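Chains as they are written, first to last, in the working numbering: chain L, 8 to 236; chain H, 8 to 236.
Quick caveat, the hints were computed from the structure, so don't treat them as lab data. In this text, all values refer to a predicted model and were calculated from it rather than measured experimentally. Be a bit skeptical, because a hint or two may be false.
Unchecked claim - To spell it out: a stretch of chain L is covered by chain H in this simulated footprint if at least three of its residues, at any positions, have a beta carbon under 8 Å from a beta carbon of chain H; those stretches are:
| hint | stretch |
| --- | --- |
| 1 | 64–75 |
| 2 | 144–152 |
Said to hold, decoys possible - Looking from chain L toward chain H, a few residues come up when the C-beta cut is under 8 Å (computed):
| hint | residue |
| --- | --- |
| 3 | 107 |
| 4 | 122 |
| 5 | 141 |
| 6 | 158 |
| 7 | 177 |
Positions of the beta carbon are idealized from the N, C-alpha and C atoms, including for glycine.
Now for the letters of each chain:
There are 2 protein chains.
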Amino acid sequence: MTARPRRTVVLLSGGLDSATTLAIARGEGYACHALSIDYGQRHVAELEAASRIAMALGAAEHRVVDVDLGQFGGSALTDRRIAVPMRGVQPGIPATYVPARNTVMLSLGLAWAEVLQANDIFVGVNAVDYSGYPDCRPEYIAAFEAMANLATKAAVEGTPLRIHAPLIALSKADIIRRGAALGVDYGLTVSCYQADEKGAACGLCDACRLRRAGFAAAGLADPTRYLTA
Amino acid sequence: MTARPRRTVVLLSGGLDSATTLAIARGEGYACHALSIDYGQRHVAELEAASRIAMALGAAEHRVVDVDLGQFGGSALTDRRIAVPMRGVQPGIPATYVPARNTVMLSLGLAWAEVLQANDIFVGVNAVDYSGYPDCRPEYIAAFEAMANLATKAAVEGTPLRIHAPLIALSKADIIRRGAALGVDYGLTVSCYQADEKGAACGLCDACRLRRAGFAAAGLADPTRYLTA
Chain L
8 MTARPRRTVV
18 LLSGGLDSAT
28 TLAIARGEGY
38 ACHALSIDYG
48 QRHVAELEAA
58 SRIAMALGAA
68 EHRVVDVDLG
78 QFGGSALTDR
88 RIAVPMRGVQ
98 PGIPATYVPA
108 RNTVMLSLGL
118 AWAEVLQAND
128 IFVGVNAVDY
138 SGYPDCRPEY
148 IAAFEAMANL
158 ATKAAVEGTP
168 LRIHAPLIAL
178 SKADIIRRGA
188 ALGVDYGLTV
198 SCYQADEKGA
208 ACGLCDACRL
218 RRAGFAAAGL
228 ADPTRYLTA
Chain H
8 MTARPRRTVV
18 LLSGGLDSAT
28 TLAIARGEGY
38 ACHALSIDYG
48 QRHVAELEAA
58 SRIAMALGAA
68 EHRVVDVDLG
78 QFGGSALTDR
88 RIAVPMRGVQ
98 PGIPATYVPA
108 RNTVMLSLGL
118 AWAEVLQAND
128 IFVGVNAVDY
138 SGYPDCRPEY
148 IAAFEAMANL
158 ATKAAVEGTP
168 LRIHAPLIAL
178 SKADIIRRGA
188 ALGVDYGLTV
198 SCYQADEKGA
208 ACGLCDACRL
218 RRAGFAAAGL
228 ADPTRYLTA
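Can you build the whole structure from these sequences, using the hints too?
And the structure:
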């Protein structure tokens with residue numbers, strides 16, 4: 008008789024980083040319950056990509072929770088009146104930062120983890136390429152984990168919950184190399200902030216720039232369909 | 008010229024505790040942006056009550072965010088297959104505990120606070136009557152505040168965010184006395200876990216028992232419409 012694999016919740020956006028994170032969690036033997044959040048993004052291509060990635064990488068289950076963060080405004084990703092930046096990474100917090108997005112997503116992951124009796128949550132945050140996002144830093148992840156361990160039945164019953172952020176210190180090239188070695192088909196993933204309905208990428212926004220540069224630095228072919236050269 | 012009042016987000020469920028919390032925040036001079044979360048509760052009477060309370064207590068604004076925590080199951084408040092407890096408060100975590108509910112609600116409050124440039128969030132958690140809920144304890148609130156101060160632009164830009172839980176150490180009777188002194192009309196509030204469509208209370212569930220006992224201990228008339236004596 009083999010032991011039942013440990014369950015984990017994996018936050019899955021449909022992008023390159025979260026797909027790699029799912030592959031890492033699977034590689035560590037977890038039964039992966041993939042969670043996507045529809046927070047009022049500009050496009051649905053990313054969520055459709057998440058569904059395909061969950062299937063391709065052998066997730067046990069994939070769910071989408073709707074949360075209308077767009078009604079609060081404040082981000083280029085949820086408010087059409089704010090322009091998506093096109094000038095390369097600038098100092099400070101980018102206009103594409105969604106207020107408290109990772110906190111909301113991790114909180115929903117925590118709710119599901121508690122019901123699943125899972126003691127682990129995987130999230131693909133990365134502090135290197137996105138240093139302007141406060142909720143992508145290691146000290147933030149550590150603080151969320153500490154809070155989560157006071158918030159839940161698991162804490163009361165003495166089973167610590169762990170937030171895994173395996174990409175947090177990796178470069179985009181390192182992430183791509185790691186995922187490629189684990190068999191991730193990056194052609195399924197969508198990184199572009201303004202992908203079209205079929206998931207084709209603009210090639211111009213910061214997310215596209217970082218992705219292209221990452222494949223080049225990794226020395227791997229970029230399977231992305233870009234609308235511009 | 009008078010200074011613009013400081014803004015705060017107040018989590019408002021429609022129950023007795025959060026109505027009192029809103030009255031306290033108003034009494035401290037805040038412009039109150041009231042936030043209700045529809046997390047798949049068994050009834051909508053509570054949310055309708057929240058709307059009336061926000062108006063009556065002079066909130067600047069009231070919004071409702073839908074989050075389908077019910078799809079995860081695990082609580083008597085969102086899953087009709089789990090019975091609402093009727094036998095008085097028992098040791099341990101009650102069946103009415105909603106997984107990570109306060110974490111999800113505070114996270115959404117944090118997202119809105121960041122967009123509003125509010126540095127304060129008020130929440131009506133109470134550690135005395137609901138000692139079985141892990142996310143109603145002072146150490147949990149402190150840990151959420153620490154996490155929030157690493158999660159947001161406010162943290163990066165050096166304006167600390169504060170989570171106010173003014174009821175956390177009060178008895179139900181103390182809460183009722185405090186709110187009554189601030190002019191809260193408790194006839195507008197709904198505490199019952201299974202109120203009917205018009206907001207009438209069962210009189211039997213734990214929330215009803217605590218509410219009834221609170222009014223009795225405070226020596227004040229209970230304006231609640233109970234369906235049972």
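Would the hint on residue 141 of chain L be counted as holding, given a Cβ-Cβ threshold of 8 Å to chain H? 5 Å, holds
Hint residue 107 of chain L vs chain H: min CB-CB distance below 8 Å? 4 Å, holds
Interface hint outcome for residue 122 of chain L [beta carbon to chain H under 8 Å]: 4 Å, holds
Examine the stretch 144–152 of chain L for residues whose CB is less than 8 Å from any CB of chain H, and state whether their number is three or more. Our answer is that it holds, as 5 residues pass the Cβ test (under 8 Å) against chain H, meeting three.
Evaluation of the interface hint that places residue 158 of chain L against chain H, nearest CB under 8 Å: With a minimum Cβ separation of about 5 Å from chain H (threshold 8 Å), the hint on residue 158 of chain L holds.
Closer than 8 Å Cβ to Cβ for three or more residues is the test here. Does the stretch 64–75 of chain L pass it with chain H? holds (count 5)
Answer holds if the nearest beta-carbon of chain H is closer than 8 Å to that of residue 177 of chain L; otherwise answer violated. Cβ of residue 177 of chain L sits 21 Å from chain H, so the hint is violated.
Checked against the numbered hints listed earlier, the structure breaks hint 7 alone; every other hint is satisfied.
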